[in-house]
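Produce the entire structure from the sequences given, and follow the hints as far as they go.
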Amino acid sequence: DGGITQSPKYLFRKEGQNVTLSCEQNLNHDAMYWYRQDPGQGLRLIYYSQIVNDFQKGDIAEGYSVSREKKESFPLTVTSAQKNPTAFYLCASKGQVNQPQHFGDGTRLSIL
Amino acid sequence: RKEVEQDPGPFNVPEGATVAFNCTYSNSASQSFFWYRQDCRKEPKLLMSVYSSGNEDGRFTAQLNRASQYISLLIRDSKLSDSATYLCVVSHSGNTPLVFGKGTRLSVIA
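As you go down the protein sequences, you meet chains A and B in turn. With our numbering as the guide, the letters of the first sequence map in order to residues -2 to 109. With our numbering as the guide, the letters of the second sequence map in order to residues 514 to 623.
Keep in mind the hints are simulated off the structure, nothing from the lab. Careful, some of the hints might be misleading.
Claimed, not checked - Covered by chain B, per the in silico footprint, the following chain A stretches (three or more residues, Cβ under 8 Å):
#1 23 to 31
#2 38 to 50
#3 96 to 108
Claimed, not checked - Looking from chain A toward chain B, a few residues come up when the C-beta cut is under 10 Å (computed):
#4 I1
#5 Q3
#6 S4
#7 P5
#8 V16
#9 A78
#10 N81
#11 F85
#12 K91
#13 G92
#14 Q93
All residues carry an ideal CB built from backbone N, CA and C; glycine is no exception.
Dropping the structure here:
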């Protein structure tokens, strides 16, 4: 089945630790996105990539990093510089222009 | 002014009721419009695209007014399973990220 796979579903981070969230898609989509959602809040854009080997900061990029070495993959690293990482992280992809985005089922990150 | 504004609700309605959600957007260059549905602790899922001429999908009707920069979603004959948060979403151009409203929460009560 075609889709977007995020892993792990739940992740715990210790103080001072970097963690990486995985996002893989087999939809052959060029564009991929990372969002953060806090309880009762809307989605906030962290980073996005419109093409392989290129990415741009979103509204809340500080404390995060990404890479886009392959079309299928857009991992997000939550660094120790992100002081409040507890949130629901959503990855999305989009194919043709002006089409909707499709989301993975998310990763819940908590601090130990 | 926020790019996409929605009434946060919650809207509490009885089963069978008709409920309407409104949304305004600030960027007149916006090109594409969508409604997403998000269940509690789940990812957003596309409910329907919104076309200039208005469009219907079963009990759901979406309308767009470009002159007023206004989008609406009408749900007829509400079901308990319609309880969710409804997100108004706007696209500017190309593959630039979609802009999401904060959502309107709907609770359908038996």
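Status of the hints after comparison with the structure:
1. 23 to 31: Held - the stretch 23 to 31 of chain A has 3 residues with a Cβ nearer than 8 Å to chain B, which meets the minimum of three.
2. 38 to 50: Our answer is that it holds, as 6 residues pass the Cβ test (under 8 Å) against chain B, meeting three.
3. 96 to 108: holds (count 8)
4. I1: Nearest chain B Cβ about 9 Å off; hint holds.
5. Q3: 9 Å, holds
6. S4: With a minimum Cβ separation of about 14 Å from chain B (threshold 10 Å), the hint on S4 (chain A) is violated.
7. P5: 15 Å, violated
8. V16: 20 Å, violated
9. A78: 23 Å, violated
10. N81: With Cβ-Cβ at 19 Å, over 10 Å, it is violated.
11. F85: This hint holds: F85 (chain A) lies near chain B, its Cβ roughly 8 Å from the closest one there, short of 10 Å.
12. K91: 6 Å, holds
13. G92: 9 Å, holds
14. Q93: 9 Å, holds
Violated hints for the displayed structure, listed by number in ascending order: 6, 7, 8, 9 and 10.
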